[in-house]
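Peer 1: The residues making up each chain are set out below.
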Amino acid sequence: MSLLLDGIISGILTGGVYALMASGLTLVFGVLEIINVAQGSLIVAGAFLSYALLTYLHINIFLGLILTMPFMFLVGYVVDRVFVRRLRVDRVMMSIMVTYGVALVIDGILTMIFSTSYVHLQTAALNQSFPLAGMRVPMIYVYVFLMSVVFLLALYALLYRTTFGQALRATAQNRNAARLIGIDVDQMSSITFGICAALAAAGGMGYGAISSFHPNSQFDLISRVLVIIVLGGMGNIGGALVASLLMLVIEDVVSTVWLPNWSTLIFFIVLAMTLALRPQGLFGSKEARQQ
Amino acid sequence: MVLTLKDIYAGYGGADILRGVSLTVEQGSLTCIVGPNGAGKSTVLRTISGVIRPRRGLVQFGGVTINGFSPRRILEMGILQVPQERSLFPQLTVQENVRLGGFILKDTRLVERRLGAVMERFPLVKERAKELAGSLSGGQQKLVEFARCFMLDPKLILLDEPSMGLDPQTFKQVFAMVREIHAEGVTVLMVEQNTKSGLEIATHGVVMEGGMVRLDGPSQDVLHHPRIGQLFLGGTLTMAK
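Going down the list, the protein sequences come from chains V and A. The opening residue of the first sequence carries number 733 in the numbering used here; numbering runs sequentially from there. The opening residue of the second sequence carries number 28 in the numbering used here; numbering runs sequentially from there.
One chain only, chain V, in its complex shape:
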């Protein structure tokens, strides 16, 4: 029983971080109608930026977000302006090619600077824990979970409580109509890509705080966050949150109660069964699925 509880708590705490990492990807799909496979690299880049600030300048990883998030916002903004905005035909397929190219470039730069060795964000919170239901929960998991919740709530507030958010959602629903009421759709797309990259910076920091990483970690990350947004429903942020929690809880419970080797397989069985019943994902629209 305590193993089951352990798996559930651990799954929820790490699921929050994955939700944050997936939220940017699903936002970009919703607004730009493209699949950004560079998201994994952006997350790893965010993790390495936090690592560099912590290691060389001794800046706390949470405080460091004040620097890394705006920087990554600019990176995302520029990537959209230079590469994505130029895609006029077959945007979904072409975006996969283009953003994969961007991912390889980021990957190469990170490898050049940091080599391919595994690193970890070493913080004092790593060695702190507190007792809960007969086990000890590492404080760092709680901190990054809370950080993820704060950023997801901020994203929700931005999307649903501001005129900018209304315009963003309007752009996602009908780009031509948005243009006709004076929304600068191109600018909105670049800002969205910037937000996606900024969220990747925060998500990357969270990821780096609870697990080791290296430049090639992006391949594992992108496959996981893609699966999350497919399960949650492409373009649906709430769906990404539920799918992240579901995925991580299933994986952690299977891993702790049964065997780690089976955790991913069981999750993919759940995914396949869900998609067989709801091809558009848990909360997705049929239109998004057709794309």
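Hints listed in this document are in silico derivations from the structure and should not be mistaken for laboratory results. Glycine is no exception: its CB is placed at the ideal position from the N, C-alpha and C atoms. Watch out, some of these pointers could steer you wrong.
Said to hold, decoys possible - Derived contacts from chain V toward chain A, CB cut-off under 10 Å, selection only:
1. His790
2. Arg813
3. Gln905
4. Asn908
5. Leu912
Please build the complex by placing chain A on the supplied structure of chain V, with the hints as guidance.
Peer 2: This is chain A only, laid out in the frame that chain V set:
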């Protein structure tokens, strides 16, 4: 005159749909463009609203050449377009949709004041304010699209086939709304497939065919032109003007 198009060539992907279109829209008029499918009627409206840029020619509004202006800048000049296809955002509420009509306004208090005025004027907007726009019928959505125009101060409204896909009852409502908007002094340029209905409520008529203007003048003259029936039976007005 409020709007002038001179020798406009425009289209999509390098191919010209409009081939030398020249027309004028008088201040306070309700001008209706009619013509068979593929005549370039909607392309005229898209060219005026800045969605597509003319390859050649001149678009002037109130004496100002607006060729190459962004859709936003054209909107700021008071030219609003209600497109043929649905242009509400289905997953936003009716109120959010209407409020977004004032997106380009910087003064948030003015936006709220205008929203209040629009809700008073259009009971449908007030009654269904909190409902998702996608839950409205096609005709209701069209009326909300009209309502949204009044979040700004429209000087020229471009209506692209407002009757398309509407049942007879809603058709009447929508046309009554077009008349009302015009009666308030707003200049309207409308494209309409339903030639008779469109020209009957218009003050001026324009007949397009093959990307060119074939006939224009007072709407009643255009409606009763001896060769207009021929045009819609597969003939041509090439020599009629």
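Peer 1: Are the hints correct? Go through all of them and say.
Peer 2: Results of checking the hints against the structure:
1. His790: violated, 43 Å
2. Arg813: The hint is violated - V/Arg813 has no Cβ within 10 Å of chain A, the shortest such distance being about 17 Å.
3. Gln905: holds, 4 Å
4. Asn908: holds, 7 Å
5. Leu912: holds, 5 Å
When each numbered hint is compared with the structure, violations occur for hints 1, 2.
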